[in-house]
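Engineer: Read off the chains here:
Number of protein chains: 2
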Amino acid sequence: MSILFKNAKIIATEKDRLKVLENAYLGVDGKCIKYIGTERPRTDYDSEKDMYGKLLMPGLVNCHAHSAMNLLKGLGNDLPLMEWLHTVWPIEDRMRDEDFTSGMEMVILEMLAGGTTSFSDMYWRPIITQKCIGESGIKADLTRVMMGGSPDADYLTYPNRVEALEFFRQCDGAFEGRLHADWSVHAEYTIDEGFAAKWAEEIQTLGGRLHIHLSETKSEHEQCIAKYGVTPARWFYEKGFFNVPTYAAHCVWATEEDMDLFLEKGVTPVHNPTSNLKLGSGFAPVQRMLDKGIRVALGTDGSASNNNVNMFEEMHLASVIHNGYLNDPTLMKPETIIKMATVNGALAQGRPDTGSIEVGKKADIIALNLDAPHLVPDHDTLALVVYSAQASDVCMTMVDGKILYENGEYLTMDRERIFREYNKSMGYLF
Amino acid sequence: MSILFKNAKIIATEKDRLKVLENAYLGVDGKCIKYIGTERPRTDYDSEKDMYGKLLMPGLVNCHAHSAMNLLKGLGNDLPLMEWLHTVWPIEDRMRDEDFTSGMEMVILEMLAGGTTSFSDMYWRPIITQKCIGESGIKADLTRVMMGGSPDADYLTYPNRVEALEFFRQCDGAFEGRLHADWSVHAEYTIDEGFAAKWAEEIQTLGGRLHIHLSETKSEHEQCIAKYGVTPARWFYEKGFFNVPTYAAHCVWATEEDMDLFLEKGVTPVHNPTSNLKLGSGFAPVQRMLDKGIRVALGTDGSASNNNVNMFEEMHLASVIHNGYLNDPTLMKPETIIKMATVNGALAQGRPDTGSIEVGKKADIIALNLDAPHLVPDHDTLALVVYSAQASDVCMTMVDGKILYENGEYLTMDRERIFREYNKSMGYLF
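These protein sequence lines are chains A and B, in that order. Sequence positions in the first sequence follow the numbering used here and run 299 to 728. Sequence positions in the second sequence follow the numbering used here and run 299 to 728.
These are calculated hints, taken from the structure and not from any lab test. Keep in mind that a hint or two might mislead.
To be verified - Part of the chain A face toward chain B, derived, beta carbon under 7 Å:
no.: 1; residue: N375
no.: 2; residue: M404
no.: 3; residue: E408
no.: 4; residue: L575
no.: 5; residue: K576
no.: 6; residue: G580
no.: 7; residue: N605
no.: 8; residue: N606
no.: 9; residue: V618
no.: 10; residue: I619
no.: 11; residue: P627
no.: 12; residue: K631
no.: 13; residue: D678
no.: 14; residue: L682
no.: 15; residue: S686
no.: 16; residue: Q688
Stated by the list, open to error - With a cut-off of at most 25 Å between alpha-carbon atoms, the simulated DSS-like pairs for lysine-lysine come out as follows:
no.: 17; chain 1: A; residue 1: K496; chain 2: A; residue 2: K563
no.: 18; chain 1: B; residue 1: K332; chain 2: B; residue 2: K700
no.: 19; chain 1: A; residue 1: K631; chain 2: B; residue 2: K516
no.: 20; chain 1: A; residue 1: K516; chain 2: B; residue 2: K631
no.: 21; chain 1: A; residue 1: K304; chain 2: A; residue 2: K347
no.: 22; chain 1: A; residue 1: K352; chain 2: A; residue 2: K332
no.: 23; chain 1: A; residue 1: K537; chain 2: A; residue 2: K496
no.: 24; chain 1: B; residue 1: K590; chain 2: B; residue 2: K516
no.: 25; chain 1: A; residue 1: K352; chain 2: B; residue 2: K722
As the list claims (entries may be wrong) - Over the 10 Å line for every Cβ pair with chain B, so calculated as not near, a few chain A residues:
no.: 26; residue: D344
no.: 27; residue: K429
no.: 28; residue: K590
no.: 29; residue: E656
no.: 30; residue: T710
This structure is a prediction, so every number in the text was calculated from the model and none was measured. Each residue gets a CB set at the ideal place from its N, CA and C atoms; glycine is no exception.
The whole structure should be built from the sequences, with the hints applied where relevant.
Structural biologist: Below is the structure:
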């Protein structure tokens, strides 16, 4: 199958810079982008799609989510963290396989409608929920969250470890590479130190990528220093975790020295602005990280602390809050923000073959309908995407050259069935 | 004309508190709300509308905009303030009557689609643009921005003054009260002190409301103290301006003493979170104002510094940024935010007959379609509106009992003509 988009505005990438093409063509052949240009290509395509008034841009990569927590969205808003956790934990304990599936399917519906083509998820039972990745056509890095343990427990038979390894062995690279099985450590404060040392050693030999929480709140950051004498970043570094390609959610309280470790080891901090603000965690030093040359990605965190998985909202927040916090209107330019939401996330996920519109890259592409009062005038297309556009402007989402969502319709997912199952889960849990 | 909404979820107001009704009825007769309840009303209505899966809530009041600046949206993003002003001023100087009209009409299209039923605008030529208010059916408080003057100039024949008075006399209360002609002072730093004194005296005798900018940036706040020995708020207070019911945009650098003046005089600060962040102005002390019992409203500022007029974005930002800034997740609860965006704005605009869903109030009502993946589950409807909903979820906008927008269609405005005229303006200006 090949398809030629014509008359499109396109945010393409040339020599690592974003470039806007007008009235352009984009040819997709199989899974990949075959042609980009303002001249009609000479080869034929199976079908053509007129994109007049539409913008093609790379699909968004949500690098930090806890998808099935969507079932808990709206519970215990505005509570202090510990009270909130005590609200949600008893419900999480009761979640069955089908509830994890319902939650993830609903989140994938939301993601596809909002232009997300790949996401990273840290939660339970990926061996169950991975089926949703297969069926929906989206890309995802799932992980079985690793936490707990104790000096008395047996590491080798510890269920978290066993499940994570089983998931990795069975599923990594499944669905023609759309699914990655990543490793995780929930955080340094939720894992036994002995377990952590063994885990770090084990995953270094196995390869793959590591997804962690890091210095989300001031108190956890300071408690780590009090307990271990080092910051959380230094703790992970010294244990050897950063020898595995790592992306670290939050990093709100990362120090200069922590950032130097990120740079040395190629760690990608994942900025989650809505969650960090809503939960009162603070302002991650994203501008400083960018100034130092650190690659920063973007995420929504779980719907329960956001309360949605809307990457356009995250782009918007990331683009304005640091200006306000640092009293400087010149920071966080649209190009930087779009890269955070696309190619930086793709690289963190170990997907160098996507995240930008370039010939030869995978066709993970979204279209925005620009025919809307809030999207005129277009004096600056990158600014329009970041400051003015909404997730609801997405009118097409394509992954690996296959259209998964178009004009409100899902082409791979049964929206009605998913809502039905979701309501069953809600009925059981509440 | 009377209409009965049935099977609706409704955010109504009882004794100044928001209350969510399920499977409820809302009856509108003429311009007003006649019935709210979970039982079917006994009287007949001309028509009925099934609102299953939809939420009815009060229309949003955008208390600070510069609507026609929409034409300049996306120009000079990320520039320091003075460079940005030098980018936009030459273009503003060239704007013709039809350009002001185009800009405002486009903004009204955007507002109605996003659930705004009333807005306050500070810009030029309201005597021209007021026609857009008449035709569209929206409510607005327009003002001819007052600024400039000099010790040598003649106050009585000063064009700003003459135009403002003419607009007030001709248009205040037009369109059955939908249009208010408000007074303005752009800011204390853009008006001659002698002119300001005369203006303050004059508008106190004429009545009406006053729309100003106040302490938006640290530098203007400090320069006022350096020049006049008082804060901008104290300056306005001492001149007598606050004897006119006043709403003041920004108030980012308002002091404790300034807030006491707001409280004494009933001044409504208008919070513009996106603009304050994007332009690097800072974080208005909104939580402190609320704690002191000050009524705070919400606005978007002009599209050129936002870059849209999306009140759902402002609600979202207002709900999370102060938590982040003050490191406290318990602040700015959804009920507070919704009131800021509705009834508080209505009161600032001198419209005590709207802003909430109560029997006898004007039917300024919007409907949100809740049948969307990002709007499930609904554990807390007020939180859902503030944290999860999007402007694009609005499926109906009613003002004074008349539906102006429904399911993507405008019932009073000619979308095609407006886009055509807008493109003509863009062709002339750029």
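Engineer: Each of the hints needs a verdict: does it hold here or not?
Structural biologist: Hint by hint, here is what the structure shows:
For N375(A), the interface hint holds, since its Cβ comes within 7 Å of a Cβ in chain B; the closest pair sits about 5 Å apart. The interface hint given for M404(A) holds, since its Cβ lies 5 Å from the closest Cβ of chain B, which is under the 7 Å cut-off. With a cut of 7 Å, the hint placing E408(A) at the interface with chain B holds, because the nearest CB-to-CB distance is about 4 Å. Interface restraint check for L575(A): the shortest CB-CB distance to chain B comes to about 3 Å, inside 7 Å, so the restraint holds.
Taking 7 Å as the C-beta cut-off, the interface hint given for K576(A) holds, the closest approach to chain B being about 4 Å. Given the 7 Å rule on beta carbons, the hint for G580(A) holds: about 6 Å separates it from the nearest Cβ of chain B. Contact between N605(A) and chain B, as hinted, is supported at the beta carbon level, the nearest pair being about 4 Å apart and thus within 7 Å. Below 7 Å, beta-carbon pairs count as interface contacts, and N606(A) has one with chain B at about 5 Å; its hint therefore holds.
For the restraint placing V618(A) at the interface with chain B, the shortest Cβ-Cβ distance is roughly 4 Å, inside the 7 Å limit, so the hint holds. Among the interface hints, the one on I619(A) holds; its C-beta lies about 6 Å from the nearest C-beta in chain B, closer than the 7 Å criterion. For P627(A), the shortest C-beta to C-beta distance to chain B is roughly 4 Å, which falls under 7 Å, so the interface hint holds. Look at K631(A): its Cβ gets to within about 5 Å of chain B, closer than 7 Å, so that hint holds up.
The beta carbon of D678(A) comes within 4 Å of a beta carbon in chain B, closer than 7 Å, and the hint placing it at the interface holds. Nearest Cβ of chain B to the Cβ of L682(A): about 6 Å, under the 7 Å cut. The hint holds. Taking 7 Å as the C-beta cut-off, the interface hint given for S686(A) holds, the closest approach to chain B being about 5 Å. A hinted interface residue such as Q688(A) counts as satisfied when its beta carbon comes closer than 7 Å to some beta carbon of chain B; here the least separation is about 6 Å, so the hint holds.
Between K496(A) and K563(A) the CA atoms are separated by roughly 20 Å; this keeps the pair inside 25 Å, and the hint holds. Of the supplied pair hints, the one linking K332(B) and K700(B) holds, its CA atoms being roughly 14 Å apart against a limit of 25 Å. At most 25 Å may separate the alpha-carbon atoms for a hinted pair to count; K631(A) and K516(B) meet this at roughly 23 Å. For the suggested pair K516(A) and K631(B), the alpha carbons sit about 23 Å apart, so the restraint of at most 25 Å is met.
A C-alpha spacing of about 6 Å is found between K304(A) and K347(A), which places the hinted pair at or below 25 Å, so the restraint holds. A distance of roughly 20 Å separates the Cα atoms of K352(A) and K332(A); the hinted pair therefore holds under the 25 Å criterion. For the proposed pair K537(A) and K496(A), the alpha carbon gap of about 9 Å is at most 25 Å, so the pair holds. Taken as a hint, the K590(B) and K516(B) pair is honoured in the structure, with Cα atoms around 22 Å apart against an allowance of 25 Å.
Distance hint between K352(A) and K722(B) is fulfilled; the C-alpha atoms sit about 21 Å from each other, no more than 25 Å. No beta-carbon of chain B is positioned within 10 Å of the beta-carbon of D344(A); the least distance is around 31 Å. Every Cβ of chain B is farther than 10 Å from the Cβ of K429(A); the closest lies at roughly 18 Å, confirming the non-interface assignment. Non-interface call for K590(A) relative to chain B: holds, since the shortest CB-CB distance, roughly 20 Å, exceeds 10 Å.
The Cβ of E656(A) lies farther than 10 Å from every Cβ of chain B, with a closest approach of about 25 Å, so its non-interface assignment holds. At roughly 15 Å from the closest C-beta of chain B, the C-beta of T710(A) stays outside 10 Å, upholding its exclusion from the interface.
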